[in-house]
Amino acid sequence: MKKAESLSCKERFLHEQVAIVSGASGGIGGTIAVTLACQGAHVILQYYANKNAAEQVALRCREHGVEAITFQADLRQEDDANRFIEKAAELGRPAILVNNAGISMSQLLIDTPMESYRNLMDTNFTSAFLCTRAVLPYMLSSAYGRIVNIASVFGITGAAMESIYSASKGALITFSKALAREVAGSGITVNCVAPGAIETRMLENLDTEDRSQLIAEIPMGRIGRTEDVAHACLYLVHPKSDYVTGQVLTPSGGWMI
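Going by UniProt numbering, the first residue of the sequence shown is number 1, and it counts up by one from there.
Treat the hints with care, as some may be off.
To be verified - What follows is a list of derived Cβ distance ranges for each label pair:
#1 G221 with M161: 22 to 30 Å
#2 Q72 with L140: 25 to 33 Å
#3 P239 with E209: 42 to 50 Å
For the record, the hints were derived by calculation from the structure and aren't laboratory data.
For every residue, glycine included, the Cβ atom is placed at its ideal position computed from N, Cα and C.
Hey, can you work out the whole structure from these sequences and the hints?
Take a look at the structure:
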């Protein structure tokens, strides 16, 4: 049995919806894209530099019998963000936007140059603003939309050596809450997923001692998987999650309570 046949169209609750995922060449973004495809969504996958990784994600999505296209864009730039959303609309009216594009930076504030500050804020926050602004006309015209912004628990608590990263994720959280109020009467929900420690490239540099210490701080005793983030997104984009908006889900194994 093919993977696309394992779920009927009725069971695949995102059947024929168009989903937009930024930062889809990475671990979290790629897993989110495949998870949405598994539920029947056609997906457009934005990447900045890693075309091969994005194409591999697209192949995995197509295994579920959906359309999947990749799109290179620098989402810090208004024109690129607009082109990205316009390309998505060629698949059909966008119903889902997952703003996942992001980078991290660990540095003392006193040593942070303006160039690094601007790059991080533009990548983590401005890109979400630009993509959301571009997709809203489509969602407003159909009176339906699901917007999910991928933040971080550090956007809630803050983290030493990561003040700018924490600020960018905190901005995403507040942006989500404010926009949720703005479009609440239009059939559009806006929510945030703020993961804790997740097995991605960002944790590759942890040595054994630091890794053990991190796990010891997590009540569930393990570092999260990218699937944990994707499943949180899946709940928020479900058509029946229409009374959930302006919320922050924190898949963190109890690290953030």
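Enumerated hints in conflict with the structure, sorted upward: The structure conflicts with no hint, since it agrees with every one listed earlier.
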